[in-house]
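Colleague: Take the sequences, apply the hints, and build the full model.
If you read the sequences in order, they're chains U and A.
In this text, residue positions in the first sequence follow the working numbering: the first is 1, and each later residue adds one.
In this text, residue positions in the second sequence follow the working numbering: the first is 1, and each later residue adds one.
A short, non-exhaustive set of chain U residues, derived as facing chain A with CB atoms under 8 Å:
id: 1; residue: Pro102
id: 2; residue: Ala104
id: 3; residue: Arg154
id: 4; residue: Trp180
id: 5; residue: Tyr182
id: 6; residue: His183
id: 7; residue: Phe184
id: 8; residue: Asp185
id: 9; residue: Pro186
id: 10; residue: Gln187
id: 11; residue: Thr188
id: 12; residue: Val190
id: 13; residue: Val193
id: 14; residue: His194
id: 15; residue: Arg197
Hint data in this document are derived by calculation from the structure and do not stem from the laboratory.
Here the structure is a predicted model, which is why all the values come from computation and not from measurement.
For each residue, glycine too, the CB sits at the ideal point set by N, CA and C.
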Amino acid sequence: MRVLVIEDDQETAAFLKRALKESGHIAEHAADGEAGLDLAKANAYDVLIVDRMLPKLDGLGVIRALRTDEIHTPALILSALGEVDDRVKGLRAGGDDYLTKPYAFSELLARIEVLARRTSPEEGSTRLSVGDLVLDRLSHKVTRAGEAVLLQPREFRLLEYLMKHAGQVVTRTMLLENVWDYHFDPQTNVIDVHISRLRSKIDKNFEQPLLHTVRGAGYTIRDSAH
Amino acid sequence: MTALTKLFRTTTFRLSLTYFAFFSAAAIVAIVYLYWNTTVLLSGQLNQTIEAELTGLAEQYRAGGRDQLVRIVAQRSRTPGNSLYLVADRNEKQLAGNLSAVSPQLWDSVGPVEFFYSRPAPGGMEQRLAFANVFRLPGGDRLIVGRDIEDRRELSRLIRSTMLWGLGVMALVGIGGGYWVSRRLLARVDDLSATTRTIMAGDLSRRLPVSGSGDELDRLAESLNSMLARIEQLMAGMREVSDNIAHDLKTPLNRLRNRVEEALREPSDERAYRGALERTIEEADGLMKTFNALLSIARLEAGAGGDDRDNLDLSALVSDAAELYEPVAEERGIALKLELANAVPIRGNRQLLGQAIANLIDNALKYGLVPTAQANGHASEVVIQTSTRDGLAEISVSDRGPGVPESERERVLSRFVRLEASRSEPGSGLGLSLVAAVARLHGGTVRLEDNDPGLRVVFSLPLENDARGTAAVESPPSGGELRPT
Numbered sequence: 001m002r003v004l005v006i007e008d009d010q011e012t013a014a015f016l017k018r019a020l021k022e023s024g025h026i027a028e029h030a031a032d033g034e035a036g037l038d039l040a041k042a043n044a045y046d047v048l049i050v051d052r053m054l055p056k057l058d059g060l061g062v063i064r065a066l067r068t069d070e071i072h073t074p075a076l077i078l079s080a081l082g083e084v085d086d087r088v089k090g091l092r093a094g095g096d097d098y099l100t101k102p103y104a105f106s107e108l109l110a111r112i113e114v115l116a117r118r119t120s121p122e123e124g125s126t127r128l129s130v131g132d133l134v135l136d137r138l139s140h141k142v143t144r145a146g147e148a149v150l151l152q153p154r155e156f157r158l159l160e161y162l163m164k165h166a167g168q169v170v171t172r173t174m175l176l177e178n179v180w181d182y183h184f185d186p187q188t189n190v191i192d193v194h195i196s197r198l199r200s201k202i203d204k205n206f207e208q209p210l211l212h213t214v215r216g217a218g219y220t221i222r223d224s225a226h
Numbered sequence: 001m002t003a004l005t006k007l008f009r010t011t012t013f014r015l016s017l018t019y020f021a022f023f024s025a026a027a028i029v030a031i032v033y034l035y036w037n038t039t040v041l042l043s044g045q046l047n048q049t050i051e052a053e054l055t056g057l058a059e060q061y062r063a064g065g066r067d068q069l070v071r072i073v074a075q076r077s078r079t080p081g082n083s084l085y086l087v088a089d090r091n092e093k094q095l096a097g098n099l100s101a102v103s104p105q106l107w108d109s110v111g112p113v114e115f116f117y118s119r120p121a122p123g124g125m126e127q128r129l130a131f132a133n134v135f136r137l138p139g140g141d142r143l144i145v146g147r148d149i150e151d152r153r154e155l156s157r158l159i160r161s162t163m164l165w166g167l168g169v170m171a172l173v174g175i176g177g178g179y180w181v182s183r184r185l186l187a188r189v190d191d192l193s194a195t196t197r198t199i200m201a202g203d204l205s206r207r208l209p210v211s212g213s214g215d216e217l218d219r220l221a222e223s224l225n226s227m228l229a230r231i232e233q234l235m236a237g238m239r240e241v242s243d244n245i246a247h248d249l250k251t252p253l254n255r256l257r258n259r260v261e262e263a264l265r266e267p268s269d270e271r272a273y274r275g276a277l278e279r280t281i282e283e284a285d286g287l288m289k290t291f292n293a294l295l296s297i298a299r300l301e302a303g304a305g306g307d308d309r310d311n312l313d314l315s316a317l318v319s320d321a322a323e324l325y326e327p328v329a330e331e332r333g334i335a336l337k338l339e340l341a342n343a344v345p346i347r348g349n350r351q352l353l354g355q356a357i358a359n360l361i362d363n364a365l366k367y368g369l370v371p372t373a374q375a376n377g378h379a380s381e382v383v384i385q386t387s388t389r390d391g392l393a394e395i396s397v398s399d400r401g402p403g404v405p406e407s408e409r410e411r412v413l414s415r416f417v418r419l420e421a422s423r424s425e426p427g428s429g430l431g432l433s434l435v436a437a438v439a440r441l442h443g444g445t446v447r448l449e450d451n452d453p454g455l456r457v458v459f460s461l462p463l464e465n466d467a468r469g470t471a472a473v474e475s476p477p478s479g480g481e482l483r484p485t
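Modeller: So this is what it looks like as structure tokens:
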């Protein structure tokens, strides 16, 4: 995945570049808004990581200029908590995303991977499948190896979100935001309990587990046999 | 001198000075007009009388010659009054009349004239003012007919002096009154500014003096006093926050530093280093959470998120949050029961209210376990109710835990306060203060009550106005176990 980091703080930028490379991505860096805009226009990136406050042209300005030029590379805005306003929140509606500082790199990585593959063919399909697990979005039915799995509505939505992003790491915050529409941090790790319930329903009597915990990051659903 | 210039600068003094100037100008105009009109009227009458008499005497002269005129004038001169007469021949020799010692210039003048003449008075002669008409008779003789107008002069002098005195007294009373009123006002303003200066110097507990008369200065002082009370409260809050940050963040920071130091000091293998680093990240994440929670509370108290409001159903919010926590409750062996009113319309920020409700449930699940010593038959349960009462929407979260002693209840709502007994539980101690901040932002309150045994937290918000008519009818709670949707 080719990533452009537009960030004026040299140390943060160097850290992000290094960490992205270690995760197997190609990262390039621009130190201000204008340079970032030029690079984003000239090259095809899979995703942009843009700091909210930038010299010359601020992060939202960069995204606006790109969209005016019909360049729809998904972007993740990094913003301080105090700077999250309606315009930043509006990014999610527009297919982009934001993350408040300070953040964990694992959270950032999970989000850009989901952002970059947002336009996957799975998105619009009515039937999702991972291994022998099948979820029908129309009839709201789930089967594993042909056997029906009974889920509560919220469990269904949780599984649906995980399967939509099969093979990708999904963080607890992303689940809380997308499944429960809660944009805050519940003090207890409530998500873990929901996941373990779901796991007991889909993985319990099968040799091959599909729902995996990724330490220090979140969860992923994948068919490890392949 | 500075006190005097300060006095001159006061609004009251300037106002009274301006009023005084306008009033005296009006008074002067009125008096001058009156005086002038009276004078014109009197002079006109005088002129007419003299003119008529003169014509009459001239006719006598034409009919009977100088002798008859002299006779009549002599006769008239003898009648007492203010009339003055004089007949003289061409050599200015006096033939008859009661005017004597006339100045030579008078003979040359023709028509109405004012002049002084002498008249015997008790204790010698006196100079008096007269008004007369000089008439030349055909034979070269002169006839003077006039009136003594000394009394009139006296009258106008009286009017003038009255006016001057009047204005003088007015000026004295006006300026003096203005000075007195301004001094009183200035003294109170000086009092206020002196107090303000001590407050600015750092003594926030001082209050502005209120005289008790309920006037505009009192009203101003009262509003400023309530502002000061609020500022003092905020300052106290800030001080408490910084004390608490120092106290509660120092511990984990210290722990983090010690751990890193220890890992560096002791020669160990990669696995040990990795373990130390992982724990360091955990600790840093915890610190970040605490910082974010603090920042959120600070932003809430500054009013952030206050305008981002929707019409919401409080019961729906509660059932959503309860659904999120239901597996946690089950895992801990606590029965989570919902008793929700059908529809509780409110207006608020969904995220903030959701977080507040989540915190309330989280708290009840953390601290609501029945203490093992008193567990005789009681099961741990958390009951969440929503209801409407007197224009208020209420959520109450009740547990059967150890509760909070009455003396501690107020304190628990402030930042970082965790009762000693709960120090072992994870948490920043910011949960309830965030709940309180959310309630304040929505114009509501949080109170802690005794659930006997246990703790009940009641979170109340104003009901949405449009729906008050229907919602004021108390909706019976629809009871039942939680059914995850």
